[in-house]
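**Q** Here are the chains, one letter per residue:
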Amino acid sequence: MTAPIATSQTILVVGGGISGMTAALEAAECGRDVVLVERNPTLGGRTALLYRYFPKMCHPTCGLEINLRRLKANRRVRVLTMTEVAGITGQRGDYQATLKIRPRYVNERCTACGDCSAAVSAEIPNPYNYGMGQIKAAYLPHAMAYPQRYVLAPSLIGTADADLAKAACKVGAIDLEMQEETVQLSVGAVVWATGWRPYDAAKIQPYGYGRFPNVITSVEFERLADPSGPTGGKLLRPSDGKEAKNIAFIQCAGSRDENHLRHCSRICCMATLKQTQYVREALGEDGQSTVYYIDIRSIDRLEDFYQMVQRDKTVKFVKSKVARIAQADNGDPILHGVDTEGYHRYATPHDLVVLAIGMEPESNSIALPQDVITDSSGFIEGSPDGGMCGAGSASSPLDVNRSAQSATGAALRAIKVIHQTAREEA
Amino acid sequence: MADNKFAAYLCAGCGLGEVLDFETLEKVAKREGKMQVIKRHDFLCSAEGVQTIRDDIANEGVTHVLIGACSRRAKTDAFDFPQTPMARANLREGVLWVVAPGTDHDEVRQEMADDYIRMGCAELKKMAVPAGNPDCASNKRILVVGGGMTGLTAAIEAAETGYEVLLVEKQAQLGGWAAKLHKRVPFREPYAEPQDTGLAELIARVEAHPKIGVHLASTLAETAGAPGRFAVKIATESGAVTQETVGAIIQASGFSTYDLAKLPELGGGLPGVVDQAGLEQLAKAADGGAIQRADGQAVNSVVFVQCAGQRDETGTHLPYCSGHCCATSVKQAMYFKDANPDVDTVVLYTDLRMPGMGEDFYRSAQTKGVIFTKGKVSTVTAAGSGCNVNFRDLILNEEVTLGADLVVLATGQVPNSGVNIDLVVELATEEQASGDQAPAEATPVATPVDLPPSILNLTYRQGPDLPQLKAGLTDSHFICFPYETRRTGIYAAGPVRRPMDMLQATDDATGAALKAIQAVENAALGRAAHPRSGDLSYPIVRLEGCTQCKRCTVECPFGAIDEDERRFPVFNESRCRRCGTCMGACPVRVISFENYSVDTVGSQIKSLDMPDEFSERPRILLLACENDAYPALDMAGLSRTLYSAFVRAIPVRCLGSVNTIWITDALNSGWDGVMLMGCKRGDDYQCHFVKGSELAHYRLSKIDDTLKQLSLETERVASYEVAITDSQRVAALINDYAETIKRIGMSPMKGFN
Amino acid sequence: MQALRTTGHQGIPAVAARYRNNFLKEVEAHVEDGEWVKMCMQCGVCAGSCPFGPHWEHPPQEIFMMIRAGKRDEVLKSDAMWMCTSCYNCVVRCPRKLPITQIMHGIASYAQELGLAPKNQPTRDFSIQFWNNCTKTGRVNEMKLTVGLYFKDGLVSGIKQVMNMLPVAIGLIKAGRLNPFELISGHSPKDQKGIAAMLKKARAIEAQRAPATH
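Heads up: the sequence lines are chains A, B and C, in that order. Numbering-wise (the working numbering), the first sequence opens with residue 1 and increments by one. Numbering-wise (the working numbering), the second sequence opens with residue 1 and increments by one. Numbering-wise (the working numbering), the third sequence opens with residue 1 and increments by one.
One should not assume that every hint holds.
Where chain B lies over chain A, by a calculated footprint (3+ residues, C-beta under 8 Å) [unchecked claim]:
| id | stretch |
| --- | --- |
| 1 | 28-38 |
| 2 | 90-99 |
| 3 | 110-121 |
| 4 | 211-217 |
| 5 | 303-311 |
| 6 | 363-372 |
Derived, one-sided and incomplete: chain B residues facing chain A with beta-carbon distance under 8 Å [unchecked claim]:
| id | residue |
| --- | --- |
| 7 | Q51 |
| 8 | A74 |
| 9 | G534 |
Keep in mind the hints are simulated off the structure, nothing from the lab. Predicted model, so just to flag it, every value in this text is computed and none were measured. Quick reminder that beta carbons are idealized off the backbone N, C-alpha and C, glycines included.
Input sequences plus hints: build the corresponding full structure.
**A** Written out as structure tokens, the structure is:
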């Protein structure tokens, strides 16, 4: 792979989810040069793993398609996947970025024909289904993957399967000798759009995630509801594959909690309200959703979605932070707690429990440059000189809509740096 | 200009060579498609394959290229020949991967591939490289309407990025609501104490910036034109009018507070009751000292009533939550506690909404001794010199009356969005759609007295202000694209777009500044804005054929088309998003794009080698929206989901661009059925062009008459709402439809054309 | 801390002031860790976590709300705080990190101090007996404590209790885990005077705190 040509007039966008794509495209469509780096083999980030968006119940891939088309039509954005930022030195207007590019083992000759995948037998847990279900170790991440190019799991390298894959490829796209590369890049401004990750649910000990198979997270529930997910869109619970009809949603799973995340993750209330409608979509009147909450935060015009769900007879709201979960012999999780509105104690069995898991900044696992300021939860503010800024859910717990808004603003901040640098140099 | 030279490049890779008869394909391309150059390559998207094409363009005079390979969505990096019209015959995702394998299906598979080559050739013949927009205008100045926090931020951000800014503020001074605040909620850690608004500094920066011109006590008397050349008339209170030209507009017209008088049950009008704005006024007067009521009475107890006149389901008050009010009440309770910790402060809420790091601010207020109670307030009544707040304590489950010297109602933000144009302009009516009757005039259904003054006073045919989404908010309907208003080059920002707090408003202003900059840059280059960003094509109209039916001017989802005094359409290309809705609407088919026209699609429809009535090989035309339905078809291919080989898919820009002539032409040419797949319509529409899908549906509702005239079954035309995720469903729909055609039989129209 | 008394001040109760700061401030001033009460966000996880939950009138979260609502008498006369067994389930789960166990004991102690604590509340009786037993010498005398508890409801029920537990007692004596002579003398810690002085000092410190609101 050749290093993209970049100068102090180039904007580096770190992260290829909706925020990074938005920041990159908005800047490029203003006539600026952008290098967009993404750690995974495909762009799209976590939004590509959502089944539907609130409040329209539309599909994230719909917006992704538009963004990808914008990207294909724009020569100013250079995309580097499987790439991480190893370090950034310098200052506003004059940064040196060191990028590490992991081997994909498949080069740009790949036509996505799928012959390699058919040839191998090894499987890995599907990272695009949060590890639920298996995928071939030579795989196309998902149907909307960009670049539309297969990838070989590192575990495949050195096995006989790898040779089978190579032999199966008629166009010579598989390169088992591919090595990690390090690339140096000069850029003028950096947008950190590194996004979020679900809080580690196993740390919320009383809820038994990891011990009780029928306690899952909200991001996993998205995959269950998605027809392209591990269950083909059926709400089957993990323990016995039984259709889950009576589903509990536990809000603030990790959020608003000084033992876990001290911030409110903002999206989880709306995500749960949306997911109650997945239950309705799948089961109609036979489904039952119970939402255990502290405060329902359906902020601004999203309120009408809450009102719609409140009118839905299959959805019940209990003002309570669930104290603990026990498991019945048949695998039903039993929720224990108190409905604080008037003090009613409950011990309620459900088929499945969905933890509305909190958002943790992904950057907590990334070594950020020294001068990037983060808040106490790890959300990125930027560098004091303004040369670097956060965008989207890397900067604050934001929903998709506000992430796109934030990323658009971040694009302007980056362009401003480029503009002012150019003026100083002139 | 040199003669056109058409070339077809057929790819035999990805297994195509093993399954399809390329000699036949080549023969079709040559004899029927009239391609002058035909080349076959075993790996066309490889560097070598692409180089072949480049060389032919450079050295052999090839002007038009047909790629017979994979989907137009695949290998876009490789097949990228600027200045050369290109058509893509989708042999891989559209044929190889979706037609059942095995020799039993060889014949139908080959016919399908042959037809796609025919269609590709036919389309290519009608294509031209867009010459660029004649409406290019390169004024890059940005007009900001509103001098509050949002407008000031947008102005300074744009100016510091190098763009000239014109700021128009209705009041005699800058600052808007922010100027009326004592303090604001903190924007960054620590989220503990109310902060100075920072407004004075921001105003100073704006006033000192050489690129920003400020018009105070001024409003927009008129806005005409398009991105890159908006002509605005700025009127001062005294009546003086200045004419200016700007390239893009940011509407930061802000909000008004909900009228307290509409809340008599919550004590609106009582001396002991104020709204949050009123409390700011009292706090400002106290300036850190003890806050007194306006009548001078001391305040020893204060109650904040959240969601006053908001989150209302009865239709009486605001249906939405204004988002900022919880944090604002918390801040205001701190005013009291900071001045005197002995003042009793109670916040009554049903859901406390302080997302993100707001939780820290909430904790800080608790530390200061502010009491929070989940309670639903029924009434606020006068009691002595103070008030009684009657509420149900939802935790303790009892009715309570709480006395207070002062009650603060957290009322909501009402957007200053000007005129609701849906109330003024009546959209496409049946009379207009029938085409031959006198077009209906815009019918005011509300008297002017009912309408608030317009903010922008657009001279647009479709009304003077931005279309509203709901509840008066000018927000975008799109989750992924928050700035997409339906008026190109005009971006709403701040609370006029959606209720929001000050931090969000400043962020929003920054994003809007970028979009405005993008709009002027695009306009200068004649490029389309979102979602067909960068598209250089634009609608071309043959006015000599126009019947002045006004359908295009009425139906354009973006208000791009005005009317001249003779009622001819006036296209403002820079306002156009290139969806083709006008092309679909035009009954006389005088509107087209250079690379997408009635002919590019129509010629494909007519290019088929139509089997006869007795062949038992029906032909089904599928017009698929390129944004969602066509990708879904591609993904069906990717997952090798099989569907009927009798279907022939043509991507369209939007179902709104589908001209019914295509359907009648198809039926007249002997096609056995026509399927249309577009995006969801209705309140939660997913159509990228807002109304395209809706309009297509409306037009199709008229198609039954046509079918009757042709003595055809109504089943011969069917439309579907399809989402991009429906890759399995599209295959099922096609197969079901093929069954339907089998049941009703082959079209009797074959062989007449 | 003062020795817990079975009778207390019969002062004038505070004026019922709903949702005023009065009672909350009183709790902050007089209850150990009482300043945390205002930090509760009413999630209810403590209420649901308590193993004794089903048996009390008011769980902690509700007590905290009642304090904020100014329900002074109802709180202080409640037996809720006396039901806490110090399992700390609530403390480890509280998302606001409130020291709930300590607060509950603090309120109980304060109610006791004011003489508002419910009479004949078993855990309260036990606490009093335990405290008085313990502070007498600085060492708990198990025999005296046990017998004292058995006979708290009178002679007849005391004898019944003793007869019931006799086999257990004999077993303990045989195993050398119980010394019946402790009932008569009991042994003292090495520095009984030192403990007495320590307790005296503690009472003095306690007395320096703001006097209770009566």
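**Q** Each hint: holds or not?
**A** Going down the list of hints, with the structure as the test:
no.	hint	in the structure
1	28-38	holds (count 3)
2	90-99	violated (count 0)
3	110-121	holds (count 3)
4	211-217	violated (count 0)
5	303-311	holds (count 3)
6	363-372	violated (count 0)
7	Q51	14 Å, violated
8	A74	6 Å, holds
9	G534	5 Å, holds
In summary, the structure is inconsistent with hints 2, 4, 6, 7 from the numbered list given earlier, while agreeing with the others.
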